[in-house]
Amino acid sequence: MTVYDITFYLFALITLGSAFFVVTIRNIVYSAFFLLFTLFGITGLYVLLSADFIAIVQLVVYVGGILVLLLFGVMLTHKITNVQIKSGTLQIIPSAIAVIVLAFALIKIFLSTNWKTFQLTAQNSSVQGLGVLLVNQYSVVFELLGILLLIALIGAASMARR
Amino acid sequence: MIYEYFSNLTGSEVLASIISAFLPLFLFILPFALIAVLLERKVSAHMQDRLGPMRVGYHGILQTIADILKLIQKEDIIADQNDKPLFNIAPVLVFAGSYAVFAAIPFSSSYLGSNIDLGLFFIVGISGLVVAGILMAGWASNNKYTLLGAMRSAAQLISYEIPTIMIVVTVLMVTGTLNLKEITELQSGYFWNWLIFGGNIAGIAKYLLIPFMFVGFVIIYISTLAEVNRTPFDIPEAESELVSGYHTEYSGMKFAMFFLAEYANMFAVSAIVVLLFFGGYHSPFGYLGNTLGLSWLVPIEQLFWFTFKGIGFVLVQMWLRWTLPRLRVDQLMAVCWKYLIPIAFVNLLIVGLITLL
Numbered sequence: 001m002t003v004y005d006i007t008f009y010l011f012a013l014i015t016l017g018s019a020f021f022v023v024t025i026r027n028i029v030y031s032a033f034f035l036l037f038t039l040f041g042i043t044g045l046y047v048l049l050s051a052d053f054i055a056i057v058q059l060v061v062y063v064g065g066i067l068v069l070l071l072f073g074v075m076l077t078h079k080i081t082n083v084q085i086k087s088g089t090l091q092i093i094p095s096a097i098a099v100i101v102l103a104f105a106l107i108k109i110f111l112s113t114n115w116k117t118f119q120l121t122a123q124n125s126s127v128q129g130l131g132v133l134l135v136n137q138y139s140v141v142f143e144l145l146g147i148l149l150l151i152a153l154i155g156a157a158s159m160a161r162r
Numbered sequence: 001m002i003y004e005y006f007s008n009l010t011g012s013e014v015l016a017s018i019i020s021a022f023l024p025l026f027l028f029i030l031p032f033a034l035i036a037v038l039l040e041r042k043v044s045a046h047m048q049d050r051l052g053p054m055r056v057g058y059h060g061i062l063q064t065i066a067d068i069l070k071l072i073q074k075e076d077i078i079a080d081q082n083d084k085p086l087f088n089i090a091p092v093l094v095f096a097g098s099y100a101v102f103a104a105i106p107f108s109s110s111y112l113g114s115n116i117d118l119g120l121f122f123i124v125g126i127s128g129l130v131v132a133g134i135l136m137a138g139w140a141s142n143n144k145y146t147l148l149g150a151m152r153s154a155a156q157l158i159s160y161e162i163p164t165i166m167i168v169v170t171v172l173m174v175t176g177t178l179n180l181k182e183i184t185e186l187q188s189g190y191f192w193n194w195l196i197f198g199g200n201i202a203g204i205a206k207y208l209l210i211p212f213m214f215v216g217f218v219i220i221y222i223s224t225l226a227e228v229n230r231t232p233f234d235i236p237e238a239e240s241e242l243v244s245g246y247h248t249e250y251s252g253m254k255f256a257m258f259f260l261a262e263y264a265n266m267f268a269v270s271a272i273v274v275l276l277f278f279g280g281y282h283s284p285f286g287y288l289g290n291t292l293g294l295s296w297l298v299p300i301e302q303l304f305w306f307t308f309k310g311i312g313f314v315l316v317q318m319w320l321r322w323t324l325p326r327l328r329v330d331q332l333m334a335v336c337w338k339y340l341i342p343i344a345f346v347n348l349l350i351v352g353l354i355t356l357l
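Chain order of the listed sequences is A and B. Take the first sequence: its letter number 147 is residue 147 in the numbering used here, and every next letter is one higher. Take the second sequence: its letter number 12 is residue 12 in the numbering used here, and every next letter is one higher.
The following block holds chain B by itself, in its conformation from the complex:
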């Protein structure tokens, strides 16, 4: 993959590792966060019949760059009673956890950080670091709002991990592999080969699978939405109750790191949904590169389709944020434990029976 390419280019394993580790950050996450922050403000504004940022650049398109310049200049405030070492480590830990996910996401058939066989499982597992980082931030700030926010966030992340894993297991039973690239390749061809339309299976099983795959998609979308603490599941940072949750005390670049991690996470969970149910990087209508006989065009088209689908789901997240009210803590837990988990289990059983057919 990308590592082998740089390894051949530079002739050094260390250099290749470093380059391929930094590439998604500068090539993808930073530009994505720049666009997504602006998009969020514009989308929310237009949903509420406002204009949003308008002053910096044409219709405010340079607003985020101005914000970043401001954040870099800001004083890095550490209050006297904060726990300094943990306070400084926490943003790094949170960002590391959400950045590590990008190591296993195949952006296109020729761009993939690491083609490990347990890619999907790795993505689920590495998010444990984020929980630990959030708890660390909440505790080190020495503030009751941050501690409450961190507790809520961790409880929510752990609870909603269960339905996510159940759906991942459901998909695993259909595909028979955890390798994200192989899962994507199983969905090649046209859009009716996507797993939400029953996958690339011949016969009656494909049509039987469609409703259960749809249920699975809805459940995993809800639970990943809760895992990134977005509305209607944003009780960890409920502004009206908790100021802004676990990152209340942070300022300057450390705050920016939390922000970056949040947006990176938003794309990461959308990417998981896309990879599992919507064909990953595959185009729904075939490739222009294949028709024209230009084979180098295909990976670029795949990159386009992957980011297109991913950003589509990010837009849905924003749409939901500005449409739905926030859940209460007990309602949040009830949704997870009383509805999503039982439905996910029944879904798992039925899909298992169908794949046996």
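Pulled out of the complex, with its shape left as it was, chain A reads as follows:
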């Protein structure tokens, strides 16, 4: 086991462990903070895959943006921590069937796919290639996404004014 393997397992452990707590823990503020560690672990995994740009975008968008917004909502809601989250079990048999089928399908796909593997080489940075692709090959999609985000922004602002 090299250092990189150990780091990978560490990040994987952080991601999976905190993701488990996000869904099981009763206190909603704790769930939100465990989500922080999940997202951070995913960032680490991206870095190990030498996807540096996506890793930092993950930090900016999810940790810096969405998670903080979520925490805002959770904390500003009055006495949200006193609410007991009811998570009982309903309809065990259909859900068990669905879960087993889904899990089976996923494992089957994992095993049967012919994965392409590359030798990991230290490359300079992925950002230049991404940028060139975005403004050449996918420029229409890129612009459309920009317009979509702008519309969402205007919509949010107009709803907030009411």
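Because the hints were derived from the structure by calculation, they are not lab data. Remember, predicted model here, so these are calculated numbers, not experimental data. Even glycine gets a Cβ: it sits at the ideal position worked out from N, Cα and C.
Calculated cross-link-like contacts (lysine to any residue; reagent style SDA-like; alpha-carbon spacing at most 25 Å): (1) B/181 / A/47; (2) B/84 / A/14; (3) B/338 / A/72; (4) B/181 / A/128; (5) B/338 / A/160; (6) A/116 / A/106; (7) B/84 / A/69; (8) B/338 / A/60; (9) B/144 / A/30; (10) B/144 / A/28; (11) B/84 / A/34; (12) B/181 / A/46; (13) B/84 / A/75; (14) B/84 / A/73; (15) B/144 / A/77; (16) B/84 / A/19; (17) B/338 / A/158; (18) B/181 / A/54; (19) B/181 / A/129.
Calculated from the model, a selection of chain A residues having no Cβ within reach of chain B, i.e. all distances over 10 Å: (20) 11; (21) 44; (22) 138; (23) 139; (24) 156; (25) 162.
Using the hints, position chain B against chain A.
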């Protein structure tokens, strides 16, 4: 860089990583915080015609060391209704966020934690951890003042991140790289090659760029000032309203960690301004080492110039703190959304047009 050096010296990757990760803390942040805390008290005192700390050592120069000894001995108070796990994690998270920034800052051409290509973007991104840590501290303290302070702080950090990023993009269009070392190398030579003077570009574009670069510098300085919660943007810790904001409930070493993070942040944002607009570690007048033919002297001179410029901007932050009154919450948001962001966008457009020329 520094990692490779230790890797060759010790022959072990793990050991090299650990040493190069701890080096900025003991070599730079702790001594800087020691000096800056004292400096803040002395600067504020002299601005108000007082003397400041005078008892410990000559003119009180050992005051901070005495303070640290006191903080170490203090009881670590955790109130009964505090949320203990989050209360204990929060200072670590805040400090980790502000310390991670130092991984990408080039102190001199031969001292740089990690020469990553996205250094500038990394610095902007990693500060999200600080916001989460502040919110955690505010909530876990179970106190309305801390919660209000944390909310204000997070709202302010998120809002002012936008003009900062706009200016970063503006600089990026001129330099064409996010690698902090390359940005610095583009500004080598004498001080008229600094980006605030239009950078190292030949022709008319350099002179056209100067006013817009200056506007960019003013905007990024204001918004980074707001990001470190300093006066006039210190409403998260407004003493007269909120006791002291999100770290009201903390005592002893945990309080010291918040304090250390704040001072580390102050230097970090000054370092960003220096790297983007004031030539990074480059000397404004050329190097003594080059003239004398002593090549080992150059990195040391660069380290000196970098810390000199950085501390210069920290001094300006202190100066502003003791000069300007605090903004109201609505004024704070108005400054950001109604003035800084539109100006930054127009600036971005114009700089883009000029670089096309």
